[in-house]
Amino acid sequence: MLGNWFRTLISYLRLPIIAHADREKHDIREEIAFHLASSAQDHFDSGKDGPQSQQSALEQFGDVNSVVQDCCDVSISRHVFWHRVHQILTLGLICAVGFLFWSYAGPQPENHLKPPALAASGYAPAETSGDIQGTVTADDGQPVHAAHILAVVKTWPPNGFRQNSYLATTRADGTFLIENVYPPEQDYEVQIAAIADDRLLKSEYISMRQGTLEPFRFQLTETPPFVLRFESSDGTPIAGVSAFPFERVDHNGNRHSVYFCSAEPIIQTSNATGNIPMPHFLPGEQVTVYVRFPDSDWQTRQLTIPTEEKAVVLTPTSKDRLNDG
Amino acid sequence: MAGKQKADLLQGTLDMLILKSLIAGPRHGYGVAKWIQVTTKNALQIEEGSLYPALHRMQKRGWIQSEWGLSESNRRAKYYQLTPEGRAQLTTEVQAWSHLVDAISLVLNSKFSEA
Chain W
1 MLGNWFRTLI SYLRLPIIAH ADREKHDIRE EIAFHLASSA QDHFDSGKDG
51 PQSQQSALEQ FGDVNSVVQD CCDVSISRHV FWHRVHQILT LGLICAVGFL
101 FWSYAGPQPE NHLKPPALAA SGYAPAETSG DIQGTVTADD GQPVHAAHIL
151 AVVKTWPPNG FRQNSYLATT RADGTFLIEN VYPPEQDYEV QIAAIADDRL
201 LKSEYISMRQ GTLEPFRFQL TETPPFVLRF ESSDGTPIAG VSAFPFERVD
251 HNGNRHSVYF CSAEPIIQTS NATGNIPMPH FLPGEQVTVY VRFPDSDWQT
301 RQLTIPTEEK AVVLTPTSKD RLNDG
Chain B
1 MAGKQKADLL QGTLDMLILK SLIAGPRHGY GVAKWIQVTT KNALQIEEGS
51 LYPALHRMQK RGWIQSEWGL SESNRRAKYY QLTPEGRAQL TTEVQAWSHL
101 VDAISLVLNS KFSEA
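In order, the protein sequence lines correspond to chains W and B. 1 is the number of the first residue of the first sequence in the numbering used here; add one for each residue after it. 1 is the number of the first residue of the second sequence in the numbering used here; add one for each residue after it.
Careful, some of the hints might be misleading.
What the hints assert, rightly or not - Straight-line distance between alpha carbons at most 20 Å, and here's what the computed SDA-like set of lysine to any residue pairs gives:
no. : chain 1 : residue 1 : chain 2 : residue 2
1   : B       : 34        : W       : 22
2   : B       : 34        : W       : 36
3   : W       : 25        : B       : 66
4   : B       : 60        : W       : 6
5   : B       : 60        : W       : 36
6   : B       : 60        : W       : 68
7   : B       : 60        : W       : 22
None of these hints come from the bench; they were simulated from the model.
Bound-form chain B, shown alone (with noise of 0.2 Å):
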């Protein structure tokens, strides 16, 4: 049950961090999966078989683009990049998980005696 919690979590919001993983500049999927890692400090550690299908699905939607190049180790590697699209995917994303963010704070700040 637990599982299932995170893993709906995780679908809801996987897209709006790779789009904001990428919002620096290209990065490849590794890249944006250590960077979300990284950043949460270990506390979001997303399944990487799931990065690559949301990559290309958010590809297809016109979100990123992708353009294989060299990576720091000097191996091939697809690098993606945001699309305007997906500049502007973000800041809509952004703001639905801020309402959804208040409104469960508000809901766990309540007192009963309010209810």
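Next comes chain W alone, as it looks inside the complex (with noise of 0.2 Å):
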């Protein structure tokens, strides 16, 4: 059976399929040639003349062109197999080195073309390497998990200033990494805001500098329950409203703030109560927090925390209404 598909491949790959059609339906021809001239010379033989003999043979033979013909179909099947594997094997070959092109030459994957952003911003890739990171603890310094980490880098590239806002969660362990976010060679600043549920708001503000960041440290001390409560001047709780923490001023006169465009993970929707919880504050602080009512634009609200009661009622008033600081 394998002896049979080799000398089938061998006789496929001496000659086209085309070609060996021709070569087989010459051949067969003159097989069949002999095959008549053998019986013609019996008859003459046997007694009749030439053309009778040959007359005789033809007759007895029968269609030669038929004959051809059907040798021919069983001798070119043979190669049909090979046939087929060898176009599937020119197909594939053919993906394969198109496969290749298009993966060498053709357009590449968004993130290979968007190294980090600040790098897009006007810094090659390897200028980008500083790490933002640090741990989170609470008081008795265990650490605190899925804490939100809210960064804003600012960076003077050749071609003007950016800035760039990243975000990061805290590890069961306490600990965070923001990878290739500022160029340690050149000038930066860093804003850097660690919130947690029940824990108060802290941030550090890192100013125009060079070199390596050191890991940030939060001690995030528990807070006591707040509760920010919209309502309407008739006193209609308002469902809808967005608010965030904006900024803490401490008992040491220290400012703990976000910046406006790294909230979107701390961003909160009052529902039909009205309520948005906001445990980040210590009673007595002055704060701001962010607010926007249903179809309004973003506006800042400041207060103090009050000592006894454990909500603060805000009102849809246009007093406060912030220009985009």
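Dock the two chains into a complex; use the hints.
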């Protein structure tokens, strides 16, 4: 069986299938010509004359052209399998070459075109090798898991000023890492805030500097419950109000703030009760929150966290409307 | 009807007869036809037009292989010879044919009372 396949393959490789058909027909005709000549000789030996012998041989044989075609069909069909294999291998080779060409010369994936956003903003990728990393713990030193880290990096590439925001969440061990966001060899500034459920909002601001940043360490104190309640002037709760904590001033006068452009993960919306929990302050602190009533723009509201009540009611006015500062 | 019966018989046994004709050594197509005719004392005369498609079909199946050579009349002729697969096939076909002959003989030799 394998020997027969091998012989057929060799025969196929020797000649293309079209040329093989022509040669096969020629061979079959020669083979049949010998048959007819031998048959005619026998008839001649039996007493018939030349023309009669040939005529008898032809009549005895039948339709020569039909036999030639039948033989040729059988012979060519031997090569059809290898012809199909040849076609499939050729097609596979074309596809492989096409894929390789497309891989190297075709459009590159988007992440290849856009390395870190900072690099796309004017720096080469190698220049933005600075990482922001750190740890968030509670007062007792236990790691705070799933705290939001909201970072804003300001840089001055050759063609102007850039400000990019980066988001991260602390791991189970309280650590976080944001890679390749600032150029250690160039001037940069960093604003970074840490905020977690039922814990104080804290932030740090790194003024213009160069070099590698040391890891940040945030210690987030637990806070009492505090709720912002949004009501209309007649006391009806307002649903669909968005808000987030913008800034708090601690008792030492230090400001801890969240940049507007990095606040997306901590924006909350009031439900039918008009409430938004915001337990990120201590009683007595001066705080500022960003608020957006339905069909209105963002605005800031300054308030003092009460020592007794656990909620502050805000009503929709345009007095404190913010001009996108 | 008689012609149809004859054709069926030959079609079923032509491969076996060709294989048997080649058991003694290589033969060209005319030699195969002549051997069958002579061996059967003219009782079987195969249709020459069906001989060559059969030879090519058997070659495709690997039962025989061919090679050009010179005939006794010093003419170029294609000679066919058995392959090991062809020998095995001949054994199989002879056994099947024997079983068939035995079965038909049993029928023909049976008495009506036995049915």
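Going down the list of hints, with the structure as the test:
no.	hint	verdict
1	34(B) to 22(W)	violated, 29 Å
2	34(B) to 36(W)	holds, 12 Å
3	25(W) to 66(B)	holds, 15 Å
4	60(B) to 6(W)	holds, 12 Å
5	60(B) to 36(W)	violated, 24 Å
6	60(B) to 68(W)	holds, 16 Å
7	60(B) to 22(W)	holds, 18 Å
In this structure, the hints that do not hold are numbers 1, 5, in rising order.
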